Amino acid sequence: MKITFPHMGNVYMIAKCLLDEFQLDYVIPPFQSKKTLEIGTRYTPEGACLPLKITVGSLIEAAELGADTALMVGGAGPCRFGYYCRMQQEILNDIGCNMEIITLEAPNGDAWELLRRIKRVTKGMNIPKLIRVLTQITRLSIQIDEIEKICLRNRSYETVKGTTNRIYQEFRVQAFTTAGVKEFKKLIKETRSKLQKVSLNLDQKPLRIGIVGEIYGNIDPYTKMFLEQRLGEMGIYVHRYVTISDWIVEHIIKKELRLPRKKPYAAAARPYLNTMIGGHAQETVGHTVMYAEQDYDGVIQIYPLGCMPEIVAQGILPRVSVDLDIPVLTLIIDEMTGEAGYMTRVEAFIDLLQARRKITLDRSRAV
Amino acid sequence: MNQVVGIPRGMFFYKYYPLWKSFFDNLGVLTIVSDQTNKQILNDGVKHCVDESCLPVKVFMGHVLDLKDRADYLFIPRYTSISRKEYICPKFGGLPDLVRCTIKGLPPIIDTEINMRKDKDNSALAAIEVGEQLGYTLYQSVQAYQLAVNDYRLYRSRVHNYELPHRIINNSKLTTLNPKTLKILLLGHVYNVYDSCLNMNIISKIEQNGGQVITLEMFDTRQLRLLAQQLDKPMFWQYGTYALGCIYSVIQQQQVDGVIYLSSFGCGIDSFVEYMAERRIRQHTNIPFLIISLDEHSGEAGMNTRLEAFFDTLKWRCRNENNISSYGQCVYDS
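Chains as they are written, first to last, in this note's numbering: chain A, 1 to 367; chain B, 368 to 701.
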């Protein structure tokens, strides 16, 4: 059994550690590229959302490398993501790709079934070890997100543009060859110290932009066309609340264990969207409100075409934008998206924000 | 105190209108329904809605605009779930918010949440809440709701007897006397199938071509659920469960001659259900299957051509069956 899993941002690092700890045979699909998307688009229904297309492409690429079992997470929310596992299975069957997809979820709350599935993957059951490894990788995911956070901050302040990006890319590539939690911690430590040594010019006051939207488009650098890196290179401070560790801790662990969850966004979104409607709609609206309260210069919403909850959020955001006086740009991505067109729009948005800042500055001086 | 409650003729209108109409009637509340979808409503809706949303939501916006100045209240309940452990499209959950944030100068919206995911009696609680907002006591609301449920059951049984919901509600008549020889399963969301303007009169067109329309609402839901258990993972959308139940029923009993799937562009649920349905029909049967996607740019002529072609295939199948011509001979007599 050769295991694989679809890409989603830095999830591969966490999954890799998990599989390494259990000494399982696995392959990581190559980073997503245009080819991945092309393969995925060919076999998936055209109306399906972008993450399905990319993950299917990713799985097929992994199959070419010899993988025969794929791990996925499930769900039973109103969002389509919960049904990805079955769609992927049927699509792969149709094209004669011999791959079985094991969904790591408890169907109808049946925890035993989940354990049975884990047992099949890990060959044998060692619950204390499982719990230990799970806590370790959860902690790891938090550390990885910290690295990302440092990167986001560094990029906008660094004196030599591109230094942070180089370190970050190195980190992503090295992660491929690092095995086990211990090694990984070392790598993270090294990367962190490298990042902290990057010389920064803290005198400047960069524009501050918050990124909101659907999780796959938010987390995965390929899907969002490396927007954060590019904005960073333009000297803009980027922030986003949606992260992998947040997803693992809040949406998977706390939800399954029925622990109280932190939901600052829900309170913020209340006047506009009062209920959880699935996906990240409430987060999108709530975070936009939070950014406005923290005096961010603007918000960019990113989501894949046809994402149902985000459409509702997109309809609500103009009102938020008017009420709280914060510019919002919506970027919708699909397989047809041309990069240049998007960057033009982003640059125009940035120009607007700069002009806005100048006007408010002049006004405050005049007063 | 003559309050007028406006009910937009969109989304779940053709599913639940008889229930709420009867509820408001029993309470003595005047109701007003927006006009049947027309070009004006469609255009208004498209203008006032996010571009990315699907056609039914845009049409719904048009209906709200149509009612805006005529009603004291707008009745847009927040449907989160209408069956146990299942959801519906997330857009329903955010519909009242979407309407409120897009259209200015609206009368107050009654946006009681209906969530039967955990508790199937939630709809009664919702009714009580609606009554409360309009100033009625608990007793009045409960009584009105009980009567309404009876009326709703009556309506459902009429639909089960192959009466089409939009004909019952709009009092419209059959427009053609052509003999109906072919049974067609028209699968799709209620708001696509029964809105005659939105789907360019597809039901009448099928009837003109000699088809008898069967829709999802005419099936026994308990049976559909049972059939849908064949799925490896249960669909968590009510519509998905029922639609695939229909497909399994067709595969098992072969009671229809053709299946037409009506979807709207950008519908998330359709994109998955349509794929699963098509795959199953093609794998297990040889019943012809046609997908029609609707959006606001739909050209009627294009749809007519496709429908006619589909019916030609069906009719040829009936006539020729497996009568394959030997070399040099024509299958047709003339």
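Rather than coming from a laboratory, the hints here were simulated on the basis of the structure.
The structure presented is a predicted model; accordingly, all values stated were derived computationally and were not measured.
Accuracy of the hints is not assured; some may be wrong.
Derived contacts from chain A toward chain B, CB cut-off under 7 angstroms, selection only [to be verified]: (1) A48; (2) A76; (3) P78; (4) R80; (5) Y83; (6) R86; (7) L273; (8) I311; (9) V312; (10) G315; (11) I316; (12) R319; (13) S321; (14) S364.
Result set (BS3-like, lysine-lysine): computed pairs, CA atoms no more than 30 angstroms apart in a straight line [to be verified]: (15) K382/B <-> K471/B; (16) K262/A <-> K485/B; (17) K485/B <-> K263/A; (18) K487/B <-> K263/A.
Chain B residues, not near chain A, derived (Cβ > 12 angstroms throughout) [said to hold, decoys possible]: (19) D392; (20) T447; (21) L521; (22) N538; (23) T543; (24) C564; (25) L591; (26) Q622; (27) C634; (28) E645; (29) S665; (30) M670; (31) R686.
The beta carbon of each residue, even a glycine, is placed where N, CA and C say it ideally should be.
Here's how the hints hold up against the structure:
{"no.": "1", "hint": "A48", "result": "5 angstroms, holds"}
{"no.": "2", "hint": "A76", "result": "5 angstroms, holds"}
{"no.": "3", "hint": "P78", "result": "4 angstroms, holds"}
{"no.": "4", "hint": "R80", "result": "5 angstroms, holds"}
{"no.": "5", "hint": "Y83", "result": "6 angstroms, holds"}
{"no.": "6", "hint": "R86", "result": "5 angstroms, holds"}
{"no.": "7", "hint": "L273", "result": "5 angstroms, holds"}
{"no.": "8", "hint": "I311", "result": "5 angstroms, holds"}
{"no.": "9", "hint": "V312", "result": "3 angstroms, holds"}
{"no.": "10", "hint": "G315", "result": "4 angstroms, holds"}
{"no.": "11", "hint": "I316", "result": "4 angstroms, holds"}
{"no.": "12", "hint": "R319", "result": "4 angstroms, holds"}
{"no.": "13", "hint": "S321", "result": "10 angstroms, violated"}
{"no.": "14", "hint": "S364", "result": "31 angstroms, violated"}
{"no.": "15", "hint": "K382/B <-> K471/B", "result": "28 angstroms, holds"}
{"no.": "16", "hint": "K262/A <-> K485/B", "result": "23 angstroms, holds"}
{"no.": "17", "hint": "K485/B <-> K263/A", "result": "22 angstroms, holds"}
{"no.": "18", "hint": "K487/B <-> K263/A", "result": "27 angstroms, holds"}
{"no.": "19", "hint": "D392", "result": "29 angstroms, holds"}
{"no.": "20", "hint": "T447", "result": "7 angstroms, violated"}
{"no.": "21", "hint": "L521", "result": "31 angstroms, holds"}
{"no.": "22", "hint": "N538", "result": "34 angstroms, holds"}
{"no.": "23", "hint": "T543", "result": "32 angstroms, holds"}
{"no.": "24", "hint": "C564", "result": "22 angstroms, holds"}
{"no.": "25", "hint": "L591", "result": "18 angstroms, holds"}
{"no.": "26", "hint": "Q622", "result": "25 angstroms, holds"}
{"no.": "27", "hint": "C634", "result": "7 angstroms, violated"}
{"no.": "28", "hint": "E645", "result": "9 angstroms, violated"}
{"no.": "29", "hint": "S665", "result": "16 angstroms, holds"}
{"no.": "30", "hint": "M670", "result": "18 angstroms, holds"}
{"no.": "31", "hint": "R686", "result": "33 angstroms, holds"}
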